[in-house]
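As given, the protein sequences belong to chains A and B, one line each in that order. The first sequence begins at 1 in the numbering used here and counts up one residue at a time. The second sequence begins at 244 in the numbering used here and counts up one residue at a time.
By construction, these hints were calculated from the structure, which means they are not laboratory data. We put the beta carbon where it would ideally sit given N, CA and C, even for glycine. It is possible that part of the hints are untrue.
Restraint-style ranges between C-beta atoms, simulated for each label pair [as the list claims (entries may be wrong)]:
id : chain 1 : residue 1 : chain 2 : residue 2 : range
1  : B       : L623      : A       : G53       : 38 to 44 Å
2  : B       : A575      : A       : G53       : 31 to 37 Å
3  : B       : S1019     : A       : H79       : 20 to 26 Å
4  : A       : G53       : B       : G1008     : 40 to 46 Å
5  : A       : D143      : B       : N551      : 40 to 46 Å
6  : A       : H79       : B       : L623      : 20 to 26 Å
Derived list of chain B stretches under chain A, where covered just means 3 residues or more per stretch with a C-beta under 8 Å from a C-beta of chain A [unchecked claim]:
id : stretch
7  : 598-611
8  : 662-672
Beyond 10 Å from chain B on every Cβ pair, some chain A residues (computed) [stated by the list, open to error]:
id : residue
9  : V13
10 : T70
11 : D86
12 : L122
13 : R135
14 : A222
15 : T236
One letter stands for each residue in the lines below.
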Amino acid sequence: MSPSPLPSQPAPVFRARGLTKVYRMGEVEVHALRGVDLDLFPGEFVVLLGPSGSGKSTLLNILGGLDAPTGGEVWYVDHCLTGADDRALTLFRREHVGFVFQFYNLIPSLTARENVAIVTDLAERPMRPEEALDRVGLGDRLDHFPAQMSGGEQQRVAIARAIAKRPAVLLCDEPTGALDSSTGIRVLETLEQVNGELGTTTVVITHNAGIGAMAHRVLYLADGRIVREVRPPRRTPAKELNW
Amino acid sequence: MSMLTRKGLRDLWHMRTQALAIACVIAGGVATLVMSRSTLESLSNTRALFYQEGALADLWAPLKRAPDTLLPRLASVPGVQAAETRLLANATLSVAGFEEPARGDIVSLPLDGGQPLLNRVHLVSGRLPHPDADAEIVLGEAFAQAHSLRLGDSLQLILQGHATSMRIVGIGTSPEYVYQSPPGAAFPDFQRFAVLWMNRHAMEKALDMDGAFNNVVFRLRTGAVAGAVASDVDGLLARYGGVGAYGRHEQTSARYLEEELRQLRTMATLFPVIFLGVAAFLVHVVLMRLLGTQREQVGVLKAFGYGNRTLGVHYLGIATWIAAGGALLGIALGAALGGWLAHVYQGIYRFPFLTYRLSLGATALGAAVSFTAACGGALLALRAAAVLPPAEAMRAAAPARFGATILERLGFQRWLSPSARIAFRDLERRPGRALITLAGLAMACAVMTVGRFQGDAIDRMVNVQLSIAPTQDIEVNFVEPAPRSAVFELAALPGVREAEPTRSVPVRLIHGLHSYRTTLEGLPPNARLRRPVDAKLRRVEPQSNDLLLTDYLEKMLDLKAGDVLDIQALDGHRHRREMRVSGFVHEYIGARGYMDLDSLNRQLGDGDVISGVLLGVAPGAEPDVYLRLSRRPRVMGIASRLASVRSFYATMGESMLIFSLVAALLGAVINFGVVYNAARISLSERGRELASLRVLGMTRAEVGGLLLGQLGLLVFLSLPCGLVAGWALCWLMARGFQSELFRVPAVLSTATYAFAAITVLAASGLSALLVYRRISRLDLVAVLKTRE
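Based on the provided sequences and hints, a complete structural model is requested.
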């Protein structure tokens, strides 16, 4: 399957203006973000690249409602996330955001199906856990526990868990960081497929520049700023990537 | 300071709340041990010292009357080191401002005006009476205190029907009367019973006992056999109305004190064993789990080249700090509580002084147990991490293996929410851990029932012993057996509703090799005012010529219903008779026998006599009846049932309850420590899982429910186990308390069960609240990046 071109839609899902984030580590101030302007559009597949400490994760955390910026504003559609309290942010995550972690973070005592169900139980109009797992190619491993699955399979369960509630945005922090290349590609294929079929805006953080080739847009961060933006002329399907 | 030491201190600081909770559990256990052993040892030492200082006699021989010239013969009985004759008398006292009459035991002081050779008077204040001053007395300190009497005050003494005003010149006590209970009563009553010391000369006059004595006390040579000496003495005194010599183990004060200390010893053994045992177990488990979360760090340190031994010392250091903190806190707390408790006991047992000292043995034992438990836990945790190659220890533990639970395999799957499944599967996967937590919670609950058990037991004892079986308002005892017609005389007193005769005879019960000195009570048929009951609280009637005995004697004398006993009367004609035991009477206090009054009189051949009368009195008439009775010269003692209930609660009850209360307090500390640690460790073990769920959109409450739900389930399951364990512990304690003086029934009230359950629930609630607050501080960002 070849990736779809970026649909030309004007209204962004996320709009960030002048985002700054300062961490106070004892007496030292760490400027993690130094004024970031960013628009993310529906159905877009964005890859954030940059060295460690460039601010990728901070940006992702603020977009996902896990952290609050020191300055600037973030809007999700027409909700301003800046200054929202814990309750509002929890609700925001619950309804609109799917997360995929580097280390899967599955609940070891629940089966694949149940790991998905624990999130769909909270959602308004989720897909059935079986359907979500089917989409990531694990329809035959519904009743397996995490300990019975490979790392790649566990990560695909995590993706199923993230998409099952039909989030508007899927935020993935180093989703392939703990996987070997072939397993990683299988996971990226799944993300690509979800993005294409469901139109979920997907943001992937990675150290791996090669992954940028499958994105609609690649943002390079350095020193807390977006220093470069690249729109690959042709999107490379995930299975053709190599690193 | 080495880096490893610094790391240890920081780790300790980081886990300070938990370390404090663990230290509290240790402190609770150690404090119980130190407190009870110190109290016990201090009281035992004080007793030994007081007995020695006051030259407590080894043998007592009461008799009717013998000439002083008999003394040399008594003193030359083989085994006797010293003998001293004296006069003892019962008197009625009246104190200005106190409506009820009080009874007094008067003891004579030597003719020369000095201290007696044996059973010396310990003067708290004042002096002994002058040898020629007949109206001077030394008053027992307990009674003086109860009535705020001071040196120079006077009180009215009615001796043999003659009233005399006596001046108090001294206030004191003696080792013979440490534990002061009125004759025939089981418990001290400081308001209504006094001990007085008077000049021998004055007493001889009052009792018409010139040159005679009615009591002799002995000190025995080392190695002398008290029983052999006693039978020689009995032989000499038989024709003088001797009623049998007895040793310290049968002397009221010494016996009661011994029993009390024995009971305290039981408490001082059982409580600490339970408390310290529970504490040690918990500390062991908690530290094992706490340090188990450091697996990754152990891996990293090993990768750097730290050896297992160095790491062992490092983690032992952490455990040692916690154990040392807890042990020190416990020793300080135990020393303070022990000092306080010993003083409380001193007031009940009336020791004139107290030599309190911290029990070094208990301190050392407490510290040793704490260290062993803590270090054992730390080492086991370390071993688990140390056996792994460093690389493996550093790697996240593989996802734990889970499976469907029994509940789900049985088809209850659809009833379980994912949260419930997490809770159940976690329990089922690590049943050992769940069981240990469960056991800890149950023990914490059990400890609380132990704390309140004595209160329940006392209520039950009082109810059966002083309310159900006896219903008289006043018990009157005569100086000497009186004809039965005395009943009608007392029944005619204004305010008396009903009157029933009784006869109480001092006897020795002999069965095979067992013998026991007690009283035999004769009751009229269909007695209404004293009704012995069986174990089911059903009334039992003595059948003619047969004997009913307190159930405790069943085991003590190795008897069963239908056996024949040898009964030796110790007064009157002193007949020796064989009687059949027809059954047993359920009694918690004392041990005696009951018989039909007519049969008793027939068997003993003293004629149709009674020794006392039980009275039922119209409401409100009690003080008036009291007053009238106290004017009668032949009345020796008057006991109010309500007053005995009150005095029981005021003395025995108090001593047991104070101990229990302190124990309950320490139990609560342990309780909280257990629950808090269980919740807290659960949180640190599952923090990542919970943070992930928070990131995925679960609210704090939902995540809190997930964590605390499992603990809640364990708490819920632990309650019935805890209550059963509590009952078992109480049963064990009741067994330890059994004595001829009283038996503590193993009963627990619903209120106690509720109290124990509520304490556990409250501790759980509080811990849940504290842990819940930490859930809101879970680092959601870190969880995206880190692994376990």
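Hints, one by one, checked against the model:
At about 40 Å, the CB distance of L623 (chain B) to G53 (chain A) agrees with the hint of 38 to 44 Å. Separation of A575 (chain B) from G53 (chain A) is about 51 Å and departs from the stated range, judged on CB atoms against 31 to 37 Å. Checked against the given bound of 20 to 26 Å, the beta carbons of S1019 (chain B) and H79 (chain A), roughly 22 Å apart, stay inside it. Distance hint check: the CB atoms of G53 (chain A) and G1008 (chain B) are about 44 Å apart, consistent with the given range 40 to 46 Å.
About 41 Å separates the C-beta atoms of D143 (chain A) and N551 (chain B), a value consistent with the hinted range of 40 to 46 Å. In this structure the supplied range 20 to 26 Å is violated for H79 (chain A) paired with L623 (chain B), their Cβ-Cβ distance being about 52 Å. Check on the stretch 598-611 of chain B: 0 of its residues sit with their Cβ under 8 Å from a Cβ of chain A, so the three-residue criterion for coverage is violated. Using a Cβ-Cβ cut-off of 8 Å, 6 residues of the stretch 662-672 of chain B lie near chain A, which meets the minimum of three, so the contact claim holds.
Residue-level check passed: V13 (chain A) sits 17 Å from the nearest beta carbon of chain B, beyond 10 Å. Every beta carbon of chain B lies more than 10 Å from that of T70 (chain A), the smallest distance being close to 15 Å; the non-interface claim holds. Distance check on D86 (chain A): its Cβ comes as close as 8 Å (rounded) to a Cβ of chain B, failing to clear the 10 Å threshold; non-interface status is violated. With a cut of 10 Å on Cβ distances, L122 (chain A) falls inside the contact zone with chain B, its closest approach being about 6 Å.
The Cβ of R135 (chain A) sits about 18 Å from the closest Cβ of chain B, beyond the 10 Å cut-off, so the non-interface label holds. No Cβ of chain B comes within 10 Å of the Cβ of A222 (chain A); the nearest lies about 19 Å off, and the non-interface call holds. The beta carbon of T236 (chain A) sits about 27 Å from the closest Cβ of chain B, which is more than 10 Å, so the claim that it is off the interface holds.
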